[in-house]
Amino acid sequence: MNTSTIAIETKAALDGALNAAAGVRKESSVEVTDYSNRQTVGRITVDNPKMVCRGVNVYYGEKHALKNVGLDIGANEVIAFIGPSGCGKSTFLRCLNRMNDTIATCRVTGQIKLDADDIYDKSIDVVQLRARVGMVFQKPNPFPKSIYENVAYGPRIHGMVNNKAELDELVYASLERAGLLKEVEKRLDEPGTSLSGGQQQRLCIARAIAVNPEVILMDEPCSALDPIATAKIEELIDELRENYTIVIVTHSMQQAARVSQRTAYFHLGDLIEVGDTDQIFTNPRHKLTEDYITGRFG
Amino acid sequence: MNKPNSATVPATSGRDIKTIVNASLPRRHAAERRFRWYGLIAISLGLAFVVLMFANIIGKGYSAFWQTYVQVPISFDAAVLDPQGNRDAKAIEGADYGALVRAGLRAVFPNVQGRGELRTLYALVSSDAPQELRRTVMANPALIGATQEVWLLASATVDTFVKGNIDRTLDETERPIKDNQVAWIDKLAAAGKVEQRFNTLLFGSGDSREPEQAGIRGALMGSFYTLLVTFLLSFPIGVATAVYLEEFAPKNRWTDLIEVNINNLAAVPSIVFGLLGLAVFINFFGLPRSAPLVGGLVLSLMTLPVIIIAGRAALTSVPPSIREAALGMGASKLQMVGHHVLPLALPGMLTGSIIGMARALGESAPLLMIGMVAFIVDVPRGFMDPATVLPVQIYLWADLPERAFVERTSAAIMVLLGFMILMNGLAIVLRKRFERRW
Amino acid sequence: MLSYLLLTLVLLSIGGYYLGRNRAFAVANGHIRNLHSLPSFYGSYTALWCGLPALIVFAVWATLQPGVIIDLVVAGLPPELRELPPDRLNLVINDLKNLVSGNIVSSTPNPAILEAANRYRNLQTIGNASLWVVVMALAIAGIAYGWRTISPTLRARNRVEQVVNLFLIVSSTIAIFTTVGIVLSVLFESILFFGKIPITEFLFGLQWSPQTAIRADQVGSSGAFGAVPLFTGTLLISGIAMLVAVPVGLMSALFLSEYATPKFRATAKPALEVLAGIPTVVYGFFAALTVAPVIRDLGTALGLQVASESALAAGLVMGIMIIPFVSSLSDDVINAVPQSMRDGSYALGATKSETIRRVLLPAALPGIVGSILLAVSRAIGETMIVVMAAGLSANLTANPLAAVTTVTVQIVTLLTGDQEFDSPKTLAAFALGLVLFTVTLILNIIALHVVRKYREQYE
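Protein chains in written order, with the working numbering: chain A, 1 to 298; chain B, 1001 to 1438; chain C, 2001 to 2459.
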């Protein structure tokens, strides 16, 4: 287990490691990827990555909130981030569409690629990035506008449609995809806040997919919802996988087990273990993962 | 399962979101920059107004802190001052000091002839100059019979001219100072007999029709008495109300009514309080017009809501655990408030009150209603004496056309603003010093 | 004179406090535990007995004395003076008062009035002396009573707390009494006014010229009291003010809360709020002596007719005054919009300005409307700027370059200087005050309600 190499911080070495991660290490029973003095157990790479993250560090002022995380996110997969509170899973999620930019004291280093683009590169426009990587938040946050306008907001600001008919079509299609159309078809003019919590959250999902993003980030999307609403959202996530890559942060291990193909376990800013969801929950390889899964803490 | 069929797939799904967004970016970034600029322009405008006002007022007013004096040889002629020769104080006091001033001026410019020309010569010095001489002689009767160079207060016109606020290139008919006066002043100045001194009269005397003699002492004292009444009334009552509403009052319609009332009173135009003062304090209770007492009463009604609102905020910031601790020790509710809550909330209440008092200091509209707008020369000595206050004095002077009054108005504004800065600074210091984070 | 009496009373009360406290020690035989309350409460108990009744008598006496003396003096006047009509009699009484206080009197006083003034002075001296005696006697009697009643079983703390409680309750009702006082004083005089001038003429008349002639047979003796030109003038100036204050204030607030760095915000926000602390009379001076001439010169240069007291100058400066008002209120409102709204918008790829215009502003709209209503109410009630920079001529015009007058200007003009009560001119000021109070009250109530509802929505 402890075949650790020395810490490599230089850019060149990092690139080397990237290549290694992408090409060399493919199939082995216990894979140990090491970018510093700490290892992530399991295979961090996938065959058809949508996003590739290497050596990601996040600092809130003096606090080192995320330590040297490397992880691939595969195309059209659902990957779940689990771990106890304050472990850095949400922080990492917010790195993926640069929502951390809105926090003045936050500083991000390392490399995150969306397809071929380094999203922290100067040439990348955060507006465009966020259109490609949508996000759904913990608490449903519909805008204080009508249901229709909530969904139409993204297409409008990005200039995605040329006329009202196209917009209508897009709004209806997005609501349909989010499984909300039947419930709200007759009341599109009512404010989004008049819906129930679960409906509001599906409205937020509809709002996100109306922009037709490539990746959807979900930050504990069901933590404010009741079990029935949760079930509906989970069902929806499963359907959306066909067209989108989905990253979901969750508190609930059951949820991770139900909706995701892969799972990553975070602990105190470290990415401890990554693997197929089945394997993580049935046969965790790291002691910390096992303790968490079996409910010793968290 | 409602799987999306191909007909409902969004219209744009065929196109790449990246290119769509990229196409919109230049327009949107331009809009973003524009919007940012609007914001920056707005805040700069606001700040520019602050700077402009201060620069304007200081530029107009700083010169009022100096005053021009001219040196004239005065012969304290015994024949004029003490014709009987018995040094009778009453006779000396009643003597014609104007004659001394006139003689002195004639002695400097012996060539001036004719009534009209002499009158313009005499107009070089202030009409207060004889009084000044009287005070000098009364203080030192030994001067009688001597001749001395005396610095006399120049008239406002001369003062304005010496300060360079009258364009000497203008035609005589277009400026307040005559050609020959300009010549005399030039001559005096060349002989070193014109001097600028710190303007003690501005702070030492009451109002006057003559700009060079007008001061703000009366108004300052009026403001002092008025604010003293305001503070003595509004602080205890305001604190008591805040304590009652926050600590004792049951939550019912009556206290709701009081609350709504207080919030509304805070937004009632100040002039309406003036109407109240006029109708109730003056016409109903028969209190004297122009008295600081009435002004203080009106201003305290105006300041009360401010103090109450600040007081309640200070009380709510005291954590409930302290109340529980005190009650748990067996203190009565009043002891709990008096010993624990109030001392902790007091700095906050004082801060709020000082800010309220600063506002009251700058208030003038309601005081116009209750007659504190009269022309009052005497410095008030009590709460019932007719008085005016500093902002009203500014209002009165602002109406007067003389350039010298404009200068004094600006100076009075500077003094007023100085006091307000002082009070607000005190409030900030208090807050910084006693602020607690629970 | 009377302030010395108050001072003596305070000193006596302090004495009472110590007497009471010592008495408590004495009756407890040195064992404080025997007492129902702490000794200091017995002290306060005695001090209250000393001070309170005396103070109440003092206040009532001092309020009533002048009226009683006047009545007595009038009763003693010769019949030909006593039977004058009320307004003339008032003049006589005024002369009398002036004579007593040593002011200059308009005419040479006749011997009857001189004698009356003497009587007045005598009565005043007698009144003050008896006030001293009565108040002192009461205070000492109070101390004696308090001292005698002190015993270990006396519930001094409860008694004292009852008094303090009463003081708290009475204090809190003062706000109500102020409102009632305002309403009654303006309403009462307004009803008198509407008895002379029909309310419809006042509210809908287009002519305002309150200067009534002195003699009834002169031309234009009736005056005209159609207040519409005042209302339009007020609206015009307030409108100009809002045109300045709302965009500048709102954009400043948005910039400070959404764009500015914390450091910039920490300097610029207080600097902007300096504008709110400047007394209005200073703005008036600035408007009348700096802004108005500049606007007039500018207008003349452009070939426009600009009145020297144009509505534009007053409105502009008033707008500057209201900027910090709008900006700090909107700042509060904008900050009350939850961060999750902003996050939701940014996560969709919106730019900052898109988020502000399409999410923040609609979300904050009710709050902003409330703030603007408060600002309007402030503009309508603003007095000094318009008194100094706007004119007196009641023109019915919407031209910002013309001179207009406002409700507040007219109130000030009608009530400063010589005035007699009961003349329609003076009463008109109160009718205008009633309108002003009603309008601002309605605006305030609506605004406060809207803002409160708005806050509750996001709590």
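Worth flagging that the hints you see were computed from the coordinates, not collected in a lab.
One or more hints might be untrue.
To be verified - Taking lysine-lysine and the DSSO-like style, the derived pairs with C-alpha atoms no more than 30 Å apart in a straight line are:
#, chain 1, residue 1, chain 2, residue 2
1, B, Lys1018, A, Lys145
2, B, Lys1432, C, Lys2269
3, B, Lys1163, B, Lys1187
4, B, Lys1018, A, Lys139
5, C, Lys2425, A, Lys145
6, A, Lys63, B, Lys1432
7, C, Lys2352, A, Lys139
8, C, Lys2269, A, Lys186
9, B, Lys1193, B, Lys1178
10, C, Lys2352, C, Lys2263
11, A, Lys63, A, Lys113
12, C, Lys2453, C, Lys2196
13, A, Lys182, A, Lys122
14, C, Lys2196, A, Lys164
15, C, Lys2352, B, Lys1018
16, A, Lys63, C, Lys2425
17, A, Lys139, C, Lys2453
18, A, Lys164, A, Lys113
19, A, Lys113, B, Lys1018
20, A, Lys145, C, Lys2453
21, B, Lys1432, C, Lys2263
22, A, Lys67, A, Lys113
23, C, Lys2269, C, Lys2425
24, C, Lys2352, A, Lys63
25, A, Lys63, A, Lys122
26, A, Lys113, C, Lys2352
27, B, Lys1178, A, Lys164
28, B, Lys1251, A, Lys122
29, A, Lys122, C, Lys2425
30, B, Lys1251, C, Lys2453
31, C, Lys2352, A, Lys122
What the hints assert, rightly or not - Interface residues of chain C toward chain B, partial, derived using beta-carbon atoms under 7 Å:
#, residue
32, Ser2172
33, Thr2416
34, Ile2442
35, Asn2444
Cβ coordinates follow ideal geometry from the N, Cα and C atoms, glycine included.
Against the 30 Å threshold, does the CA-CA distance of Lys139 (chain A) and Lys2453 (chain C) hold or violate the hint? Judged against 30 Å, a Cα distance of about 22 Å means the pair holds.
Tell me if the straight-line CA distance from Lys2453 (chain C) to Lys2196 (chain C) falls inside 30 Å. Violated, at about 43 Å.
Below or equal to 30 Å on CA atoms is what counts here, so check Lys1178 (chain B) against Lys164 (chain A). Given that 30 Å is the threshold and the Cα spacing comes to 79 Å, the pair is violated.
Verify the proposed pairing of Lys1018 (chain B) with Lys145 (chain A), using a straight-line Cα cut of 30 Å. holds, 27 Å
For a C-alpha distance cap of 30 Å, please report whether Lys63 (chain A) and Lys1432 (chain B) respect it. Roughly 29 Å between the alpha carbons, so the hint for Lys63 (chain A) and Lys1432 (chain B) holds.
Minimum beta-carbon distance criterion (7 Å), Thr2416 (chain C) to chain B: Holds - the Cβ of Thr2416 (chain C) comes within 7 Å of chain B, reaching about 6 Å at its closest.
Taken at face value, is the distance from the CA of Lys2425 (chain C) to the CA of Lys2269 (chain C) at most 30 Å? violated, 45 Å
Below or equal to 30 Å on CA atoms is what counts here, so check Lys113 (chain A) against Lys1018 (chain B). The given pair, whose Cα atoms are some 15 Å apart, holds under the 30 Å limit.
Straight-line alpha-carbon gap Lys1193 (chain B) to Lys1178 (chain B), limit 30 Å: holds, 19 Å
Does Lys2352 (chain C) pair with Lys2263 (chain C) here, judged by a C-alpha cut-off of 30 Å? holds, 19 Å
Compare the distance between the alpha carbons of Lys122 (chain A) and Lys2425 (chain C) with 30 Å, and conclude whether the hinted pair is satisfied. violated, 73 Å
Hinted pair, alpha-carbon criterion (30 Å max): Lys67 (chain A), Lys113 (chain A). Please report holds or violated. holds, 18 Å
The structure fails to meet hints 5, 8, 12, 13, 14, 16, 18, 23, 27, 28, 29, 34 from the earlier list, while all remaining hints are met.
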